[in-house]
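There are 2 protein chains.
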Amino acid sequence: MRGALTAFLATLVAGVMAIAYAQDIKSDRSIKYRQGALTTMSWQFGMLGAMAKGERPYNKDEAIKRASYVAELSKLPWEGFGPGTDQGAPTKAKPEVWKEPAKFKDLQDKLMAETAKLEMVAKTGDEAAFKAQVGATGKACGNCHDDFRAK
Amino acid sequence: MRGALTAFLATLVAGVMAIAYAQDIKSDRSIKYRQGALTTMSWQFGMLGAMAKGERPYNKDEAIKRASYVAELSKLPWEGFGPGTDQGAPTKAKPEVWKEPAKFKDLQDKLMAETAKLEMVAKTGDEAAFKAQVGATGKACGNCHDDFRAK
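Sequence lines, in order, name chains H and C.
Just so we're on the same page, the working numbering is the position in the first sequence counted from 1, plus 1117.
Just so we're on the same page, the working numbering is the position in the second sequence counted from 1, plus 1117.
Hint data in this document are derived by calculation from the structure and do not stem from the laboratory.
Wrong hints could be hidden among the right ones.
Unchecked claim - In silico BS3-like cross-links for lysine-lysine, where the CA-CA straight-line distance does not exceed 27 Å: (1) Lys1182/H to Lys1240/C; (2) Lys1182/C to Lys1143/H; (3) Lys1177/H to Lys1143/C.
The shape of chain H in the complex, shown without the other chains (with noise of 0.2 Å):
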């Protein structure tokens, strides 16, 4: 009975050490995924910021390139902030992520469609518009960054 009973909690302890396991990773690599997009993002956000302050030459195909690209890595981070990814890795998201769904989301919507409105007015080759719609964008990223995003 007694041998029985070890048997079974045995199973039981490697069951739920496998699922940990097993979440852990997914944690893990849900918390490198999204900070993978947000880099990437930043990276690229970055050349645009640099040609809106004229740290770099302005250059409306190259502005057309990198909105492009920001515009639709904009879309990508917020799937890596799933269930049970506050932890797993070394993070910066803070609890509301989790505690404040509706309000991170509205965050999210409000960046992608800044993007989506960079990639526009970059097309128009307006040097002038281009220059304020990067910052308003980085504005939509800051938003974010003020509430969800440890210092």
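Take the given structure of chain H and dock chain C to it, following the hints.
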């Protein structure tokens, strides 16, 4: 005279250090950018791989969406392998990246051709063709890793 020489040397050393620092920051950012882009692509492609292996249910719309992400992402990492970015942050990129640029470029082009084809095939809704093309795309990833990424 000695005072002037000392001042000159101090300025020179400060200048060289400033250049080295700027180079390092830039290199560090490029390395993190390319790793971010590759991680993002790999995660999205992993979802398609799971679909092709039957670990995730085949869904035409999801396949199209992820294949379009992968096709777009496959254009991005290469800009992060600029001159001087062989060091500056931990990297698995082999010295061959900078020693054999034509071969490296050729494998990038082949990957981009396969991911473009993957997006096209996903849109047909032909599940068998899609699975075969996931395999061909994965092979294009591996071909480059074999020669240009350390284990």
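Checked hints:
At most 27 Å may separate the alpha-carbon atoms for a hinted pair to count; Lys1182/H and Lys1240/C meet this at roughly 24 Å. Taken as a hint, the Lys1182/C and Lys1143/H pair is honoured in the structure, with Cα atoms around 21 Å apart against an allowance of 27 Å. The suggested pairing of Lys1177/H with Lys1143/C holds, with an alpha-carbon distance near 24 Å, which does not exceed 27 Å.
Every hint from the earlier list agrees with this structure, and none is contradicted.
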